[in-house]
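Enquirer: Sequence:
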Amino acid sequence: MHGRATRKQRNLKLSRANTLNSDNFPINSEYKMTGQHIFFDESPNATPILAIAEKDLADWYKQAGKPADGWAKAHEFSAKKGELLPIPDADGTIMTVLLGLGQDGAITEPDPWGWAAIRDKLPTGSYYLPEGMGADAQELAALGWGLGSYRFIPYLPDSPQKPAPLLYLSDRTAVERAQRQISAISLVRDLVNTPTNDMLPSHLESRARTLADRFSAQLSVITGEALLEQNFPTIHAVGRASADAPRLIDMRWGRDDAPHLTLVGKGVCFDSGGLDIKPSSGMRIMKKDMGGAAHVLGLAQLIMDSGLDVRLRVLIPAVENAISANAFRPGDIITTRKGLTVEISNTDAEGRLVLCDALTLACEEKPDLLLDFATLTGAARVALGPDIPALFTHDHILADKLARAAMQTGDPLWRLPLWEGYNDYLDSPVASLLNAGETSFAGAITAALYLNRFVEKDVSWAHFDVYAWNQKPRSGRPTGGEAMALRACFAMLSERFGSS
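Residues 2 to 501, numbered by our numbering, are exactly what the sequence shown covers, in order.
Don't take each hint at face value.
[Stated by the list, open to error] Simulated crosslink set (DSS-like; lysine-lysine; CA at most 27 Å straight-line):
| hint | residue 1 | residue 2 |
| --- | --- | --- |
| 1 | Lys81 | Lys56 |
| 2 | Lys56 | Lys67 |
| 3 | Lys122 | Lys163 |
| 4 | Lys82 | Lys63 |
| 5 | Lys63 | Lys81 |
| 6 | Lys473 | Lys81 |
| 7 | Lys82 | Lys122 |
| 8 | Lys63 | Lys74 |
| 9 | Lys56 | Lys74 |
| 10 | Lys473 | Lys122 |
[To be verified] Here are the simulated distance ranges between beta carbons:
| hint | residue 1 | residue 2 | range |
| --- | --- | --- | --- |
| 11 | Ile324 | Gln162 | 36 to 42 Å |
| 12 | Pro164 | Asp257 | 45 to 51 Å |
| 13 | Gly83 | Ala244 | 49 to 55 Å |
Derived from the structure by calculation, the hints contain no laboratory data.
Note that CB positions come from ideal geometry on N, CA and C, so glycine has one too.
Between the sequences and the hints, there should be enough to build the whole structure, so can you do that?
Expert: Pasting the structure below:
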């Protein structure tokens, strides 16, 4: 029961997830992403992790035998949730690891971070989970274990790499699903973590092109003055002050007659605030202001990698909100692609400006579903904190499906209202609307209401206001870039569209 045993079926070994170094992510050169280090192997020497519920602990003690029961009693192992106890054999080698499941014994609770914490506590070695563990639980275990291995080290060429503990699982499909999610989340993290000197609009285009090439997707880009010629005035206005030209990245994948899914991501590669300049403390992590673009690229990778049956379109307005003699100004009035005029009340509310032209374009072909991601407002963080993205949609059925997917995946989100009563916060006496309300109230809602003006009423649309950042390190979640609501969205999309 406690010794090492040859697995009866081919197992899956999940080790380091997307660990980068200076060789595979050279500075100022094309982005390269490592694969997940997953192997198929027979491993007779892996140590079992035995999961025990509190209600089953007495029975385990009766069956355990010496010296395991004595060791567990000496260390007062109680099987509380997350409790971990390695049990050595006579020569000091770990022969079994006990994992507490708590009172109810649930091992399917959607919490990958608990598995990341387990990984952090175990010494280097090979481990396997007990037979009979469900596919969903195995997927969560692999996901947490793999994300716990993530490191962003391309700018630390001499960073030592400690050997990672390895995990063996019996369900190949579950681990492959986890691997695809780990890869997509790692992509989001990598893109957000990359400093702006290596992640300007031209670099973001390069990353999108690399992804398109990998999956044989089509990619086109409208750059610089061509944005004005092709009627994307707000994208041009926000990005024209940068030495790196603004652009609209447009990627398509999938069969033409599949349901049309469009993803729009805010790609503000750095936000100085423009002429309404941010304080230095507010600028410190503004490399993450392209987090929306990172999310749609990560979600697009997951969709393509999983073969969902959709006609996928990804739109990324990529700009730097810089300051120069030709920067757009407070009080300027810009005519948008839709024909609405926008009076600029604050140049630091630039994300909604670049998004509105992209959303207008997206709606021109009437997609079956339109999702946008943006690091849009500090107000959403005041309301929900850094871990929970705000969801806005008029589609109640879509909102319910996303809420269920969030619960099932342990990937939180929370719906806030598109409260029509706040529309007058955006009233302008000289234009169709302001780009930002001149009040401290309801900032996340008024930003979503602004975007709503550019979405056609017959298009099913959801807006995600994400933080895209971990403020402090936790197991599986190092400080820095983070994917939020990505797994929940993919679960909803998988249920809705399925594979081709």
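Enquirer: Now tell me, hint by hint, if it's right for this structure.
Expert: Results of checking the hints against the structure:
Proposed proximity of Lys81 and Lys56 is supported: the alpha carbons are some 10 Å apart, at most 27 Å. Distance hint between Lys56 and Lys67 is fulfilled; the C-alpha atoms sit about 21 Å from each other, no more than 27 Å. Pair hint Lys122 plus Lys163 holds up; C-alpha atoms about 14 Å apart against a cutoff of 27 Å. Restraint check: the Cα-Cα separation between Lys82 and Lys63 comes to about 21 Å, which is no more than 27 Å; the hinted pair holds.
Between Lys63 and Lys81 the alpha-carbon distance is near 19 Å, which keeps this suggested pair within the 27 Å criterion. In summary, the hint linking Lys473 to Lys81 is supported, as the alpha carbons are separated by about 26 Å, within the 27 Å threshold. Between Lys82 and Lys122, the direct Cα distance comes to roughly 15 Å. Compliance with the 27 Å bound is thereby established for this hinted pair. For the suggested pair Lys63 and Lys74, the alpha carbons sit about 12 Å apart, so the restraint of at most 27 Å is met.
Between Lys56 and Lys74 the CA atoms are separated by roughly 16 Å; this keeps the pair inside 27 Å, and the hint holds. Proposed proximity of Lys473 and Lys122 is supported: the alpha carbons are some 19 Å apart, at most 27 Å. The hinted window of 36 to 42 Å between Ile324 and Gln162 holds, with their beta carbons roughly 40 Å apart. In this structure the supplied range 45 to 51 Å holds for Pro164 paired with Asp257, their Cβ-Cβ distance being about 48 Å.
Between Gly83 and Ala244 the beta carbon distance is about 50 Å. The supplied range of 49 to 55 Å therefore holds.
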